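Q: Here is what each chain is made of, one letter per residue.
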Amino acid sequence: MSDLKTLSRPGTADQKVRAAARSGELIQKASVAIGCVALFLVFSLLTKTFYQPSNLIDIMLQSSINAVIAVGMTLVIMTKGIDLSVGSIVGLSSMVAAHLLAQGLLVGIGAALVVGLVCGAINGILIAKLKLPDFIVTLGTLSVYRGAALIYTDGQPIYGLSKEFRAIFAGHVLDVPTPVILALVVAALAFLLVRFTALGEQIIAVGGNEEAAKLSGVNIERVKITVYMVSGILSSLAGFVLIARIGAAEPIGGSGFELQAIGSAVIGGASLFGGIGNPLGSLIGALTLGGLQNGLTLMNIPSFWQYVASGVVVILAVFADQWTRKPR
Amino acid sequence: MTTRIRDMWVAITALALLGSASAAFADDACSAYPKAKTDKIDSSVIDKEFGAVPAPKKKLHIAYVTKTLINEFWQDVAAGIKDEASKYGIAADVQAAKDENSMIEQLNLAQTMLSQKPDALLLSPQSDSNLAPVVEAARAANIPTIIIDDARTDGASTYIGTDQVAIGAKAAAFLHQIYPSGGKVAQIEGAAGSPNARLRIKGFKEELGKYSNLQLVASQPGNWDRLTALNATANILRATPDLAGVYANNDGMALGVVEAVSSASSLDKVAVVGTDGIRQAKKSVGAGEMRATVAEFPFEEGKLGVQMSLRLLGCQAIPQWIISPQAVITKESVKDFPDPKVN
Numbered sequence: 001m002s003d004l005k006t007l008s009r010p011g012t013a014d015q016k017v018r019a020a021a022r023s024g025e026l027i028q029k030a031s032v033a034i035g036c037v038a039l040f041l042v043f044s045l046l047t048k049t050f051y052q053p054s055n056l057i058d059i060m061l062q063s064s065i066n067a068v069i070a071v072g073m074t075l076v077i078m079t080k081g082i083d084l085s086v087g088s089i090v091g092l093s094s095m096v097a098a099h100l101l102a103q104g105l106l107v108g109i110g111a112a113l114v115v116g117l118v119c120g121a122i123n124g125i126l127i128a129k130l131k132l133p134d135f136i137v138t139l140g141t142l143s144v145y146r147g148a149a150l151i152y153t154d155g156q157p158i159y160g161l162s163k164e165f166r167a168i169f170a171g172h173v174l175d176v177p178t179p180v181i182l183a184l185v186v187a188a189l190a191f192l193l194v195r196f197t198a199l200g201e202q203i204i205a206v207g208g209n210e211e212a213a214k215l216s217g218v219n220i221e222r223v224k225i226t227v228y229m230v231s232g233i234l235s236s237l238a239g240f241v242l243i244a245r246i247g248a249a250e251p252i253g254g255s256g257f258e259l260q261a262i263g264s265a266v267i268g269g270a271s272l273f274g275g276i277g278n279p280l281g282s283l284i285g286a287l288t289l290g291g292l293q294n295g296l297t298l299m300n301i302p303s304f305w306q307y308v309a310s311g312v313v314v315i316l317a318v319f320a321d322q323w324t325r326k327p328r
Numbered sequence: 001m002t003t004r005i006r007d008m009w010v011a012i013t014a015l016a017l018l019g020s021a022s023a024a025f026a027d028d029a030c031s032a033y034p035k036a037k038t039d040k041i042d043s044s045v046i047d048k049e050f051g052a053v054p055a056p057k058k059k060l061h062i063a064y065v066t067k068t069l070i071n072e073f074w075q076d077v078a079a080g081i082k083d084e085a086s087k088y089g090i091a092a093d094v095q096a097a098k099d100e101n102s103m104i105e106q107l108n109l110a111q112t113m114l115s116q117k118p119d120a121l122l123l124s125p126q127s128d129s130n131l132a133p134v135v136e137a138a139r140a141a142n143i144p145t146i147i148i149d150d151a152r153t154d155g156a157s158t159y160i161g162t163d164q165v166a167i168g169a170k171a172a173a174f175l176h177q178i179y180p181s182g183g184k185v186a187q188i189e190g191a192a193g194s195p196n197a198r199l200r201i202k203g204f205k206e207e208l209g210k211y212s213n214l215q216l217v218a219s220q221p222g223n224w225d226r227l228t229a230l231n232a233t234a235n236i237l238r239a240t241p242d243l244a245g246v247y248a249n250n251d252g253m254a255l256g257v258v259e260a261v262s263s264a265s266s267l268d269k270v271a272v273v274g275t276d277g278i279r280q281a282k283k284s285v286g287a288g289e290m291r292a293t294v295a296e297f298p299f300e301e302g303k304l305g306v307q308m309s310l311r312l313l314g315c316q317a318i319p320q321w322i323i324s325p326q327a328v329i330t331k332e333s334v335k336d337f338p339d340p341k342v343n
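Top line first, the protein sequences correspond to chains Y and B.
If you're matching positions, the first sequence starts at 1 in our numbering and goes up one per residue.
If you're matching positions, the second sequence starts at 1 in our numbering and goes up one per residue.
Do not rely on the hints blindly, as some may be mistaken.
No more than 20 Å apart at the CA atoms, straight line, and that leaves these computed lysine to any residue pairs for SDA-like [said to hold, decoys possible]:
no.: 1; chain 1: Y; residue 1: 163; chain 2: B; residue 2: 137
no.: 2; chain 1: B; residue 1: 59; chain 2: Y; residue 2: 299
no.: 3; chain 1: Y; residue 1: 29; chain 2: Y; residue 2: 40
no.: 4; chain 1: B; residue 1: 98; chain 2: Y; residue 2: 40
Just some of the chain B residues that point at chain Y, by a computed CB distance under 8 Å [stated by the list, open to error]:
no.: 5; residue: 104
no.: 6; residue: 113
no.: 7; residue: 262
Hint data in this document are derived by calculation from the structure and do not stem from the laboratory.
These numbers were taken from a predicted model, which means no experiment stands behind them.
Positions of the beta carbon are idealized from the N, C-alpha and C atoms, including for glycine.
Just chain Y, same shape as in the assembly:
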């Protein structure tokens, strides 16, 4: 279905849109950062606590799990895909990690990363090889992986993670929380991947125009499977931070994370129509959502309203995105 749509879309109009997108990219990139800074300034004026260094570090820490997942989500979205199963992969791989940490630090971490990789590969193979719609596949695996996490320990949480594990994934290096460093490194690596590698070019090509990419010799299937695997493994990494911070693994952990990750990617300038996205933008997107929640809490806005606000910000970001991309 979607392939047909791509084919029938007039090439010239498509090219025009993409050309406009390129020219608008600078404005767009700036608007992501400006939006985030403006939000932070507003909260700094409204509360006494927001701008304090310790609170800013807290915001980075609180955004880090989402940021790591959002970076993987960005790559998937750039191929015109979507991964709704990330939260369930967080849950499943963190259960495996917590369980196997007893066998050794590297066993637990390694096994959980493999779980993330395999979950992502399953998504990718179903989407790329069997040509099933990404939305339905990952909606299905969202349920499958969550079920697997519940089956794994019969619904029981796992308490008592090793000190060294918690020190690695929820510790500090020179007063900087390690999850923050992890998120920065992940986003930077993904940025380099998109900007300077052949795979990065191929991701943009597949998302921009799959038919054209195929004609120019890009292995579409391989690119798609790869981005879902990256999304899976980053979800595992995010799961490590989650369980290290709360000191326990719960089979239900990570539920709802997909929405935040998609929101961050979109705020960060990723286009759900494919071909456009920036891992560093998604990092800023995650910070924006994190800062929003933090600021609203400091202002003592009731939690029910905070959900409304988060949703409005995501929609505003899409609106701003559309507006800056409009061919003029």
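With chain Y fixed as given, assemble chain B onto it according to the hints.
A: Here is chain B on its own, set in the frame of chain Y:
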């Protein structure tokens, strides 16, 4: 030039740190984490033991981070806190996660609340460990942490909650009281792994063991869920048509049990007993559907939370566990337990 600027920054940072440190400790003459003589105390005798609640010496600001406000129980705790706080002119901020599974969201909220340096931090954690980092940080800043109900957290100033084993035991004793000549009974259990479920099951089974004529024919998971409880009860009734009573670990499930019993058998023949004392359950008890509920008093627990904050700030060495009240509510006594007002 650059060194001078750097020195200036160092000086400013140092001053800021000093300022915040002295602000945290200036009026704290004592530890907010005292060592008490006993490890627990019943809330009904705390006045006798420690005297009246000390009035605040200045305008205080406390923060409460709870599980979720889509659950009546936690709404009542929050209402109790606000009610008691307003009595003492204390400003009370309340924040909640979106559901009882959002552990990391709750941790983030609690950290943000703590960054405002409240005079006391009241918490109802999602699990035994998810708010541990916040309790640790509060302890370092000598800000008292009061845990209200369910999951405990090591290292907090005190814990307010009722005796869950006694709740299960009271349910069994009630079944014995209405069926002195015995009968077949069943239990619908709360979510596996939840401390409240574990302790209520334990209390119910232990007490039931004392009455040899009361036979536990089934104890099935209800997962704190009304529909799951309904289905489980329907299955039990099919296997045991002469069932005499069902104890559900909470009222939501008990209301599901009521549905199952009224469609498969009769509420006259099967006595349904719940736990918590939520409004709908009390209505059901009053209408003669549910036979009883072993009630906790979340509104009272909220009030106790504010009182314990004041006691801790007033340097009273209160114990680690404040046992909050519980009572069996029946059709006869339901009028004695009016619903708390929540605005």
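Q: Each of the hints needs a verdict: does it hold here or not?
A: Hint check results:
1. Y:163 to B:137: Roughly 18 Å between the alpha carbons, so the hint for residue 163 of chain Y and residue 137 of chain B holds.
2. B:59 to Y:299: The given pair, whose Cα atoms are some 19 Å apart, holds under the 20 Å limit.
3. Y:29 to Y:40: The given pair, whose Cα atoms are some 17 Å apart, holds under the 20 Å limit.
4. B:98 to Y:40: With Cα atoms ~24 Å apart, residue 98 of chain B and residue 40 of chain Y exceed 20 Å; violated.
5. 104: At 6 Å from the nearest chain Y Cβ, residue 104 of chain B passes the 8 Å test, so the hint holds.
6. 113: Holds. Min distance 7 Å.
7. 262: violated (30 Å)
Violation of the numbered hints given earlier is confined to hints 4, 7; the remaining hints are satisfied by the structure.
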